[in-house]
Each structure stands twice: as structure tokens, then as C-alpha cells.
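Guided by the hints, dock chains B and C with the ligands onto chain A, whose structure is given.
Protein chains in written order, with the working numbering: chain A, 1 to 254; chain B, 1 to 250; chain C, 1 to 269.
Hints listed in this document are in silico derivations from the structure and should not be mistaken for laboratory results. C-beta: ideal position from N, C-alpha, C; glycine also. Keep in mind that the hints are not guaranteed to be accurate.
Ranges of calculated distance between the beta carbons of each label pair, as one might list FRET restraints [to be verified]:
#1 A/93 to B/242: 24 to 30 Å
#2 C/236 to B/237: 51 to 57 Å
#3 C/87 to B/237: 34 to 40 Å
#4 A/218 to B/214: 21 to 27 Å
#5 B/6 to A/18: 32 to 38 Å
#6 C/230 to A/156: 56 to 62 Å
#7 A/18 to B/242: 43 to 49 Å
#8 C/120 to B/237: 23 to 29 Å
#9 C/173 to A/242: 27 to 33 Å
#10 A/93 to B/159: 47 to 53 Å
#11 A/18 to B/64: 37 to 43 Å
#12 B/53 to A/10: 55 to 61 Å
#13 B/6 to C/19: 51 to 57 Å
#14 A/244 to B/214: 43 to 49 Å
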Amino acid sequence: MKTALPQAGLGARAFDFAVFAGLVLAVWQLAHVVGGEVAMTSPLGTLVFTARSIASGELWPHFEATLGAFAIAYVLAASMGVLAGAVLGYHRLSGEVAEPVLVAVYSIPKVTLYPIILLFFGIGIGAEVAFGALHGVIPITLFTMNGVRNIKPVYIKAARTMRIRPYDLLRTVLLPATLPEVFTGLRVGFSLTLIGTLLSEMFGSRRGIGFMLMQAIGLHHMDIIMSLTFLLVMFALMANAAMLVIDHRLHRRA
Amino acid sequence: MKLATKLRVAVLMGAVGLVETLCQTGAIARFTMIPPSEMASSLWRLLYAGKLQTDMTRTLLAVCAALTAAIVVGFVAGAVVHAIPRVRRTIDPLLSAYYSVPVFVFYPMFIVLFGLNDIPKIIIGFLYAVAAMTINTLNGLDRVAPVLLKTARVFRMGRAATGFRVVLPAAAPYLFTGVKLAVAYSFIGVVGSEFILSSGGLGYQIGFAYHNFDNRTMYALILFILGLVMIVNMSLHAWEKMLMARRGYQ
Amino acid sequence: MSDAHVALKGVTRVYQRAGQEPLEALGPIDLDLSAGEFFAVVGPSGCGKSTLLDVIAGLSQASAGTVSIEGKPVRGVVPESVGVVFQDDASFPWLTVEDNIAFGLNRQGMDAAETNRRVAQALALMGLNDFARAYPAQLSGGMRQRVCIARTLVLQPRLILLDEPFGALDQQTRLLMGDELLNLWRKTGATILLITHALDEAAMLSDRVGVMSARPGRFLEIVETGWPRGRDSTIVASPDFGRVTGRLWSLLRAESLKAMQYQTGAARP
Ligand SMILES: Nc1ncnc2c1ncn2[C@@H]1O[C@H](COP(=O)(O)OP(=O)(O)OP(=O)(O)O)[C@@H](O)[C@H]1O
Ligand SMILES: [Mg+2]
Chain A
1 MKTALPQAGL GARAFDFAVF AGLVLAVWQL AHVVGGEVAM TSPLGTLVFT
51 ARSIASGELW PHFEATLGAF AIAYVLAASM GVLAGAVLGY HRLSGEVAEP
101 VLVAVYSIPK VTLYPIILLF FGIGIGAEVA FGALHGVIPI TLFTMNGVRN
151 IKPVYIKAAR TMRIRPYDLL RTVLLPATLP EVFTGLRVGF SLTLIGTLLS
201 EMFGSRRGIG FMLMQAIGLH HMDIIMSLTF LLVMFALMAN AAMLVIDHRL
251 HRRA
Chain B
1 MKLATKLRVA VLMGAVGLVE TLCQTGAIAR FTMIPPSEMA SSLWRLLYAG
51 KLQTDMTRTL LAVCAALTAA IVVGFVAGAV VHAIPRVRRT IDPLLSAYYS
101 VPVFVFYPMF IVLFGLNDIP KIIIGFLYAV AAMTINTLNG LDRVAPVLLK
151 TARVFRMGRA ATGFRVVLPA AAPYLFTGVK LAVAYSFIGV VGSEFILSSG
201 GLGYQIGFAY HNFDNRTMYA LILFILGLVM IVNMSLHAWE KMLMARRGYQ
Chain C
1 MSDAHVALKG VTRVYQRAGQ EPLEALGPID LDLSAGEFFA VVGPSGCGKS
51 TLLDVIAGLS QASAGTVSIE GKPVRGVVPE SVGVVFQDDA SFPWLTVEDN
101 IAFGLNRQGM DAAETNRRVA QALALMGLND FARAYPAQLS GGMRQRVCIA
151 RTLVLQPRLI LLDEPFGALD QQTRLLMGDE LLNLWRKTGA TILLITHALD
201 EAAMLSDRVG VMSARPGRFL EIVETGWPRG RDSTIVASPD FGRVTGRLWS
251 LLRAESLKAM QYQTGAARP
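Okay, chain A solo, but in the shape it has when bound (with noise of 0.2 Å):
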């Protein structure tokens, strides 16, 4: 049973928000002081360490590499996920025959096949794409598939009715019935392009932030990792957010 949430202001949520905020800060601050400087950088130490190392603009070839990298991932994954989901959706058996092939993929840990990536790709900025892409491009085929599935026969029938050209049938029919899910697999398939496109830097690379994370582990170095760490974090939920807002507004129209 769904507790009825009290419908609370924007204040009341604002407080509740700021309080849990607090506490995140206040448990990381806590273990700055029981870990010592070498163990856990302090909140507002990583956060000047991250504005410094911004401004002093050493970060920016490394975040050049995997903001590249990502970019022609997710666009590769996007523009293959939506391709083979439109076509497993619409042709229902080739769908029912790839479904649980996708879906076992999607649960079993990609990251062993990277050797085999980097075997054929060489170490490089080809297989950073690749594996990017590899994680990105199932739940974006996953979603698309289903989006394509479950649009309405009645919805056809009814333009057919009203004799609808085929491209107009694709623009005002088809395409606005399956954007909401089409979006929610696109919203997915970037955080885990991005994960697939750290995971590789972390592995082979000689460049990027996941090459920079593992670099500064040998060097123990708390602060840079701290401070990129947040960094990452902060990008992945405010990336997340911005599409979530569109997520949820596509859906209620939809």
C-alpha cells in the first residue's frame, strides 16, 4: 500500500532535502576527522582542491579525452539502439527472438569482455568508444523495442481513417507514441555510457579522468581522487536530472 504522501510545500521539501544534505556532509566531514587529511579528503577541501585543479586548467586534456570519447559512444549507441530497437519492435519474432539474448547481456558483468575489445580495437580511443557504446546501446534497443511494441493498433487504424500519408503517419503518429519510452532508454543508455567509457580509461588508457583516478591510487593521492570522484558524480546526476525532467514531462503527455 502507498503511504498517502502529505502533499508538503516546496519549503517543507526544500528542509527535508537540505537536512539530508546536511547529514551526507556531516558523516563525510566526520570521517575527515576520525580518517586524518591522508585517509579522506574534507568536503570543503575537495571542493577547493576541484576549483583549483579547474582554474589551473591541468584537468581540461583529460576531460577533452573522455568527454570525447563518451560524446561518439552515446551518439553510436543512440543511433544504433534506436535503429535496432525500431526494427525488433515493428518485426515481432526477430523482437521475441533477441529480447532474452539482450536482456542476459544487459545482467552479466561486460566488463570481462573488454580485453577482448582491446584486443581487436588496440589500446586507443577506438575501443574506449566501443565499450562505451556496448553498455549504452542494450537498455537503449530495450526500450525503443518496447516503445515500438506497444504503440496502439487503434491509433493506425484511426489515421488510417482519416487518410494519413505514411510520413505523416511516422511524424504525428508514430514518432510522438513511442518518444516518451524511446527518451527513458536514451536517459539510461547515457549513464551507462558513461560508466562503459570510465570503466575502459580505468582498465587501458593512458588518458581521461578514470586513467587519472587509477594513476593517482599508486601515488595516494586522497585529494585528486576525492576531488574527482565528486566531480564525476556530480556531472552523472545532473546530466540524470536535466533528462528526467524531460523524461517525466513526455510522459504525462504521453
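The following block gives chains B and C with the ligands in isolation, referenced to the frame of chain A:
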């Protein structure tokens, strides 16, 4: 067997056959990939010689630790959060954003904090799995029909009896989904961490074989892990179907 | 304190809604049910019938007024002598039909022999013999509702509250189930309160029919049917039956219109 199942088996077997041919004819070079038949025979030899036991035990123990913690913590957290609407309201958006965070980026931090032992990878496995359990616990509790709770009151059942005899069985299918996801996620977390950097375990051995250009061992290990996880996931899936069939669902 | 089996005095129910003004769902209601009476309630949809049932059973606290059963005030706890069949399907999907029916008996700690006897009896009565080991998911909605009725009856309650129990059944089965209910009522001597949206069902089964107004539901009139205790569904052919249903409809027509306008009006932003 359904047509789709037959086709799926045929397509998969065809794909393996194609890769086999490409490898055998040299279209794919040996230092890139070895033929699937050799992967299998190499794996068989490793298993026969008992060379995988230590690492397998290590990985499985870590997965079990992460999984147990995730199921217990996830369930308790879900139940508590469900009971307190105000906490729920604050936690809900965080839960829906949880899986957008690349959890692996915390791994270096945990290594520096706890050292290069099994603790960091257990934590990563736990972090991956716990949210799935929490989310599905909440979902399950949400979906207990109010009329079932009313029925419990008509039978004058107390809190404990209502919890164990009505709420739990009603939410059970969702809890099972949570467990199933938690299993998959704790494997991903643990094996992934081992692969990135660790002192042992199946994932570590794959990386080790890769760095030593030992393709036979590497492919055998990859085959082993993927097979193992797939079998575990599929068994859970089959078990779930059996449980649902026991309740009369097709 | 009256000697009625169930007594309601000035009962109202107001739902507090977060962020909106409170919703007056029911009342004020004054009602006495005498022991062994068959009382039916009809009313437009959303008028508060289920709310009335919840308040009588003690599942929901009256906002004002008092409810007493067998002379004892009802406050937040369902009295032992009360059995309830809800409008929504309340069968437990994880138990077989027979385990569902035995659920209440097991909770009371009744011995196995007596439990089996009562369950077998209830299965036969509800026409569920062939489905004793089936699960609710394998049954139709109407059959699941019969499981819930059986689960209530085996406890032999003195007051039975039924909320549209035959809603999912076709008209013929409804009439037959009505006959079974009448048999049961005569045999057990229980007091029955039946909520229904079918006027003929209310007219055929009950001693009195309470006709409710649109929300907040009050009794517009309580119609006496005047049937003998030994009645059955053949009564629908009698001219008196037409008189009773005619009276019910003339009372309800205006109220139902009101309720409908309410809903369409409320649907508009
Ligand atoms: N828990 C609740 N909180 C707020 N409003 C409620 C609640 N339960 C019922 N209501 C409202 O109270 C009114 C009466 O509801 P009730 O379910 O008692 O009507 P009903 O006569 O049984 O309707 P139906 O014929 O559809 O079964 C309705 O407007 C309903 O929306
Ligand atoms: Mg009702």
C-alpha cells in the same frame, strides 16, 4: 519448443559457428581471438587441473558477502523508508538517480581507504546491489492492496502477524525481483572491481592473462565467468517462474 | 442504548485530504438493524456506501456520532462477531482456495477436523468443490469473490457485511447466488447488510432497502419489502416485486443524475 526459442538457439549456434570458422581460417588472427572450441577445451583443462578453484572461491565469497549485505540492508532500508513518508519523499528522487552514478569511480577511494584487499570490491558489489533491493522492496510494499490490509484487520491480526502473513507474501514477487537484480549487480560490481585492480579473483586473472598475452587462459576465463553468471541468472529466473507457477500464474 | 443488533446514531465520515479541503463522504446516518434482519443498501456510485461499511465494521472511525454492535461501541477494532466481504478482490494470491477459506479458522486455532469440515461445507455451498486446490490467479473474478464469501462464512459471524459481493457475476448466477445467500441467512439467523448497485437484487433479497442520496450519503428513505422469510428468487415474477423496484428507482433517479453531473463536472479542470 516455441518458434522464437528454436530460432534463438539456431542464431546463437550459427554465430558461434561463424566465429569458429573465421578464427580457424585465420580471418581473425590468433593473437586477437582463439576459436571458441579452443576456449572450451582450454577452460576444461583449467578446471580439470583445479587451477580456478582459489580464484573462484575468492570471487564467489566476495559476491556472497556483498549480496547478503545488500539484501539485508536493502530490505530493512526499504521497509523503514516506506514507513516514514517524510523520509520517503526525500529519498525517492535520490533512488531514481542512483544508477546514473558510475559507482566504479568510488573504487579508487576505497582502495586507498582500505588497502588492496577484498573489502573495496565487496563494498562496490554492495553499493551496486543495495539500491535495487531497496527500490524493489519499496515497490513491493507500495503494491500491497489496501483491501488485504483491511482483511487482516477483520481477522484482528496484530502488526507482526499482518507483516508476516499478509504483507510479506503479498510483496514477495517484488522482493524476489530485488534479489534477482541484486545477484546480477553484485557480480558486476565484484568482478568489475577485480578486473580494474585487485589482488586476486576471476576478474583479476582475466586482466593478468591479458597483460601476459596468454589468450588461451584469458578466453577460457571469460567464457567461464560469463557462463557462470548466466547460469546463476537463468536459474534464478527459472526459480521465479516456478514460484509464480505455484501461485497459479502462467 | 437500543437493543438493536447494529445501531448508528448521527454517524458522519469526513476524509481529510492533504492539500485539499476535507471531503464529506457520509451522513449523518441514523440506522438500527434488528437481529436476524436482511438489510440492503443502494445508492448512486461514490455516495459513500463502502465508507458506511467501513465505519460499521470499525475499519474506519466515524468523524461524528456513534456505532454500536450488540450494545458495545465500535472503536477502531473489528468485533469478533463481524464478517466482512469487500468490494475489491481480497483473496490471498499465495494461498490455494481451501487455504484461503481456512485462513480465519487457522488464526483462531480451530482444530484440523473441524476446520476441514467447515471448509468442505463452504466449498460445496459456493460451488468451488473442483477448485479447492486452485490458486486465485486461476479463477475468474466472480469465483474469487466467492472464495472471499466462503472465507467469511466459515467463521459463522453473527453480523455479515457484504460490499457488492456479486458485482463480478452475470445476472443468472447472481440470482442463484442470491438464493444461496437467503438459505444461509435463514439457516444461521445472522444479520446481513448487503451493499449492491443492482436494484432487483436489493429488492429480492432484503427485508428493508436503504436508499442513499448522492454524496455525502444519507438515507432518503428506507423501503420495506414485506417479503416472507421463506422467499427465493422466484419472487421476481410477482407484481409486488415490480412495485418495490419501481419505488427504488423513482427515489434513485434524481440522485444518480446528480452523482453523474458531479463526476463529469469534477472531471473538468
Ligand atoms: N480514503 C479516502 N480518502 C479520501 N476520499 C475517499 C477515501 N475513500 C473514499 N473516498 C471518497 O469518498 C466518497 C465515497 O466513497 P465510497 O467508496 O464510500 O463510495 P461508494 O458508494 O462505495 O462508491 P461505489 O459505488 O463506486 O463503490 C468517494 O467520493 C470517494 O472518492
Ligand atoms: Mg463502494
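Worksheet item: Which earlier hints turn out false for this structure, listed by number in ascending order?
Response: Structure breaks hints 5, 8 and 9.
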